[in-house]
Amino acid sequence: MGHYSVYWIKKEFAHRYFHKSGILYRFFKEYKNNPECVNLQKQYHFITNSFSPASLVTHLRYNLEHQHTLIDHDTYVDISGEGSHIALHMYEKQINFRCETLHDAEDLLFPALRSFYPFLFTIRNDWGNYGWIAPIPSESAHLHGQVLYS
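Residue numbers for the sequence shown follow the working numbering, so the first one is 270 and each next one is one higher.
Honestly, I wouldn't trust all of these hints.
Simulated crosslink set (DSSO-like; lysine-lysine; CA at most 30 Å straight-line) [said to hold, decoys possible]:
1) K279 - K301
2) K298 - K280
3) K289 - K301
4) K298 - K362
5) K362 - K301
6) K311 - K280
7) K301 - K280
8) K289 - K279
9) K279 - K311
Ranges of calculated distance between the beta carbons of each label pair, as one might list FRET restraints [claimed, not checked]:
10) P387 - M270: 21 to 29 Å
11) G352 - R285: 33 to 41 Å
12) S384 - N308: 28 to 36 Å
13) E305 - G352: 36 to 44 Å
14) E334 - R285: 32 to 40 Å
15) R383 - H335: 13 to 21 Å
16) T327 - R285: 29 to 37 Å
17) G271 - I405: 22 to 30 Å
Honestly, the hints are just simulated from the structure, not real lab data.
Virtual Cβ for every residue (Gly too), placed ideally from N, Cα, C.
Construct the entire structure; sequences and hints are all you get.
Quick look at the structure:
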């Protein structure tokens, strides 16, 4: 069973590090190994947004497919459907979950998360795999003051 962590990265850092996800992975690994380090704590809180567990549970409840079920146990949430199961633990700055395969998360959890929280970075804690749950939408060049002329 795989153990995953999901972090909601602030927009400016998601755009800056989308193609440099290895740097984010190493940062979260270092923070996990040294949570008492004040500099790492400050950086962690600076680049991540806080989750609202109550809002997340409500959103999941309304956005799960009809054949999926959600049971709220106060300290964690069980999501299941069609032979798949996820145990989801929500904290202020991260979501942890366990599932048999990443396909289970893609089927049960990720679609609802994509529609609620942008810029989610996930790490498989027991294997070291990592990546973004969804691609970062590209912004038009004119939003950054750049205009192309032909």
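Exercise for review: Check each numbered hint from earlier against the structure, then list the numbers of those it violates in ascending order.
Suggested key: When the structure is compared with the hints, none of them turns out to be violated.
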